[in-house]
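Top line first, the protein sequences correspond to chains S and L. Quick note on my numbering: the first sequence kicks off at 1 and runs consecutively. Quick note on my numbering: the second sequence kicks off at 1001 and runs consecutively.
Worth flagging that the hints you see were computed from the coordinates, not collected in a lab. Virtual Cβ for every residue (Gly too), placed ideally from N, Cα, C. There's no promise every hint is true.
[Unchecked claim] Computed list of lysine-lysine pairs in DSS-like fashion (alpha-carbon distance at most 27 Å, straight line):
#1 S:K87 <-> S:K97
#2 S:K2 <-> L:K1156
#3 S:K69 <-> S:K100
#4 L:K1019 <-> S:K87
#5 S:K19 <-> L:K1156
#6 L:K1024 <-> S:K8
#7 S:K85 <-> S:K97
#8 S:K13 <-> L:K1156
#9 L:K1019 <-> S:K69
#10 S:K99 <-> S:K69
#11 L:K1156 <-> S:K9
#12 L:K1089 <-> L:K1024
#13 L:K1024 <-> S:K69
#14 S:K8 <-> L:K1156
#15 S:K85 <-> S:K69
#16 S:K69 <-> S:K97
#17 L:K1019 <-> S:K28
#18 S:K85 <-> S:K100
#19 S:K28 <-> L:K1156
#20 L:K1033 <-> L:K1089
[As the list claims (entries may be wrong)] Covered by chain S, per the in silico footprint, the following chain L stretches (three or more residues, Cβ under 8 Å):
#21 1149–1160
#22 1171–1178
Each chain is listed here by its residues.
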Amino acid sequence: MKTLADLKKIREKAQEEMKFRGGNVRIKIVVGMGTSGIAMGAREVMKTFLEEISNRNLTDVLVTQTGEKGLSSMEPVVDVIEDGKAKITYGNMNPDKVKKVVVEHIVNGRTVSDYVVATGD
Amino acid sequence: MQDISLHLLDIIENSVRAKARNIKVRVINNAEKNRLRIIVEDDGVGMDTQTLERAQDPFYTSKAEREKKVGLGIPLFKQNAELANGSFKMASEPGFGTVLTVDFELSNIDRMPLGNLKDTLLGSIIGHPEVDFSIHLTCRERGHEQSFHFDTAAIKEELGDIPLTYPDVIEYIDQSLFEGIQNTNMEDV
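Can you make the complete structure from the sequences, with help from the hints?
Laid out in structure tokens, this is it:
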């Protein structure tokens, strides 16, 4: 059974790491979780991002959920927001596409243009 | 929506959109009473009587930014509960929050499966770090009761400024939920 003592260890480890590289969030990912997004598989998209972050040990990426954004026909929709860069919106996402976006965009900094449905605000 | 856990996710998103800071989710599997009950309680902005009524109407939505004014989330959940000889109740008070109680007849052939409760809860907890979640799972069967409580406020306090998306934290929450769901026999309801 997991206990709060386990969390303490995690915190110590994380604080040690952050001392080393600074605690900044480099990339923010926002998964659209409105009714139509959920019906089209947004939960699995969210789950895959969390799995990839955990498996690849990406400590400078933040993932959150948001409501409907009026792109119902392109759900599931995901925003990738990076400081000083235009926001990239990916559409019609699924777990395989998420894995590709993580490798190409999040890790290697190359936008996956095939999946982009909007840029900027 | 193919299962109850997806409806639950939709309802949680409604609570977040209503600016809830605390969301309590209870899932009670009561084999003795042949009932599966889901309760979602939030401290969001709440609804007046008229909005409450309209929320159950498929041709209404509170999402002002949307062009098409339809909201199917709540009406579909209601319909799915009623199809399984269940019930759907929403109570709300402006300024205080909303409580939603959905009942299903456990053995009903038309009852949708509970589905992947873990992924619904994991995504909601990590995807909304500003919200404190209190999860209660209870299983009652042949005179035995198993329950699981999970409070995210205590976790966040312990973590301090370490984000919930920190890899080991994701794993911690995932594993805790997994164990809780197994201990209350909720993985295959």
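Right, here's what the structure says about each hint:
no. : hint                : verdict
1   : S:K87 <-> S:K97     : holds (18 Å)
2   : S:K2 <-> L:K1156    : holds (15 Å)
3   : S:K69 <-> S:K100    : holds (23 Å)
4   : L:K1019 <-> S:K87   : holds (25 Å)
5   : S:K19 <-> L:K1156   : holds (20 Å)
6   : L:K1024 <-> S:K8    : holds (25 Å)
7   : S:K85 <-> S:K97     : holds (21 Å)
8   : S:K13 <-> L:K1156   : holds (16 Å)
9   : L:K1019 <-> S:K69   : holds (17 Å)
10  : S:K99 <-> S:K69     : holds (23 Å)
11  : L:K1156 <-> S:K9    : holds (14 Å)
12  : L:K1089 <-> L:K1024 : holds (16 Å)
13  : L:K1024 <-> S:K69   : holds (26 Å)
14  : S:K8 <-> L:K1156    : holds (11 Å)
15  : S:K85 <-> S:K69     : holds (20 Å)
16  : S:K69 <-> S:K97     : holds (20 Å)
17  : L:K1019 <-> S:K28   : holds (21 Å)
18  : S:K85 <-> S:K100    : holds (20 Å)
19  : S:K28 <-> L:K1156   : holds (19 Å)
20  : L:K1033 <-> L:K1089 : holds (19 Å)
21  : 1149–1160           : holds (count 5)
22  : 1171–1178           : holds (count 5)
Hint compliance for this structure: every hint is met.
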